[in-house]
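Undergrad: Letter by letter, the chains look like this.
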Amino acid sequence: MSAAFAWRAGGCHCGGVRFEVALPARVEAQSCNCSMCAKTGFVHVIVPESRFRITKGADRLAEYTFNTRVAKHLFCSECGVKSFYRPRSNPDGWSVNGRCLDEVDGLEIVIEAFDGKNWEANAASLAHLSKEHA
Amino acid sequence: MTLRGQCHCGAVRVAIEATAADLPLRACQCGFCRRHGAVSTSRPDARITFAADDGALSRYRFGQKLSDYLICKACGCYVGAATPIDGDWYAILNVRGVDLPGFDGRTPEPMIYDGETPETRTARRKARWSPAVLTALQLSA
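Chains as they are written, first to last, in the working numbering: chain A, 1 to 134; chain B, 1001 to 1141.
If you are wondering where the hints come from, they were derived from the structure by calculation, not from laboratory data.
Hints may contain errors.
The calculated label-pair distances, taken between Cβ atoms and stated as ranges, are [as the list claims (entries may be wrong)]:
1. Val-104/A x Arg-1059/B: 23 to 33 Å
2. Val-70/A x Asp-1053/B: 22 to 32 Å
3. Asn-33/A x Asp-1045/B: 26 to 36 Å
4. Gly-1087/B x His-128/A: 33 to 43 Å
5. Ser-50/A x Val-1133/B: 45 to 55 Å
6. Ser-50/A x Thr-1019/B: 44 to 54 Å
Some chain A residues close to chain B (C-beta under 8 Å, calculated; not the full set) [to be verified]:
7. Ser-35
8. Ala-62
9. Tyr-64
10. Asn-67
11. Thr-68
12. Glu-78
13. Gly-80
14. Lys-82
Heads up, simulated DSSO-like pairs for lysine-lysine below, C-alpha to C-alpha not over 27 Å straight-line [as the list claims (entries may be wrong)]:
15. Lys-56/A x Lys-1065/B
16. Lys-1073/B x Lys-56/A
17. Lys-117/A x Lys-56/A
Treat the numbers as computed from the prediction; the structure is a model and nothing was measured.
All residues carry an ideal CB built from backbone N, CA and C; glycine is no exception.
Produce the complete structure using the sequences and hints provided.
TA: Pasting the structure below:
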């Protein structure tokens, strides 16, 4: 792990699900307009497998899938909060919800629009975000 | 006019008897609403109706534990909240969580309710929240 990354903690509302994610000081995040993300307001911070870990409550996660069923939408079965999930665009990594980070001091999150309504035309632009040596 | 919405999987459905232009749009800044990306609406003269498939709804209570925050067990969408006051139900809808139509381009008003006592919170909700029909949910006030 490069020194450019710092582990940050976050989780759902009830405290049942907790995670840690290694982030640089400046993070590019996506706000997606697809039918699912529009309902959860999910702010996508996509990272490789090695920069994410579940620290509590894996057994409290409920899973929802639809359409191609590649994305594994995970939410806390108690408070419903979707702290992270396996995105269809990056099934080799994770998408962490920027709204669920405990604190964002020293972190610059730049949110850009992602046109998930036209997913097939745009998903390739995200693939590099979950590569281990991106 | 009736605005209709639902969670992502469709197991929970909502309606409010109003036009979007007549409804406020509020962004509560509490930890629950922030994590759900929730923006809420209600109006004391706009009735809200919830309907759900059998066993589809989860009720989450936190903080002062006065209200049920309604979440679809299947897809996790937070659809709205309901609170019993003097034997009647009052409710809000999560406009985003049910994709209620007609709010595109609106900027929600940030709301902070910290410091409310149970009494002032209940009074505020009775004045601003919608009367609600939850009969299909088989909840008792």
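Undergrad: Is the interface hint for Thr-68/A satisfied, with its Cβ closer than 8 Å to some Cβ of chain B?
TA: Where the cut-off is 8 Å and the nearest Cβ of chain B is about 15 Å from Thr-68/A, the hint is violated.
Undergrad: Confirm or reject the claim that Ser-50/A and Thr-1019/B have a C-beta distance inside 44 to 54 Å.
TA: holds, 50 Å
Undergrad: Just to be careful: measuring from the Cβ of Tyr-64/A to every Cβ in chain B, is the smallest value less than 8 Å?
TA: Holds. Min distance 5 Å.
Undergrad: Holds or violated: are the alpha carbons of Lys-117/A and Lys-56/A at most 27 Å from each other?
TA: At roughly 33 Å apart (the allowed maximum being 27 Å), Lys-56/A and Lys-117/A break the hint.
Undergrad: Hint validation: Glu-78/A versus chain B, beta carbon distance must be below 8 Å. Holds or violated?
TA: holds, 6 Å
Undergrad: With a cut-off of 8 Å, does the beta carbon of Gly-80/A approach a beta carbon of chain B closely enough for the hint to hold?
TA: holds, 4 Å
Undergrad: Hey, Lys-56/A versus Lys-1065/B, does the alpha-carbon distance stay inside 27 Å?
TA: Holds, because 24 Å separates the two Cα atoms, which is no more than 27 Å.
Undergrad: Minimum Cβ distance from Lys-82/A to chain B below 8 Å?
TA: At about 6 Å, which falls below the 8 Å cut-off, the nearest Cβ of chain B leaves the hint on Lys-82/A intact, so it holds.
Undergrad: Per the hint of 23 to 33 Å, is the separation of the Cβ atoms of Val-104/A and Arg-1059/B within bounds?
TA: holds, 31 Å
Undergrad: Ser-35/A was flagged as interface toward chain B. Is the shortest Cβ-Cβ separation under 8 Å?
TA: At 6 Å from the nearest chain B Cβ, Ser-35/A passes the 8 Å test, so the hint holds.
Undergrad: Closer than 8 Å between Cβ atoms is the bar; does Asn-67/A clear it against chain B? Give me holds or violated.
TA: violated, 11 Å
Undergrad: Has the given pair, Lys-1073/B with Lys-56/A, been kept, meaning a C-alpha gap of at most 27 Å?
TA: holds, 20 Å
Checked against the numbered hints given earlier, this structure breaks hints 4, 10, 11, 17; the rest are met.
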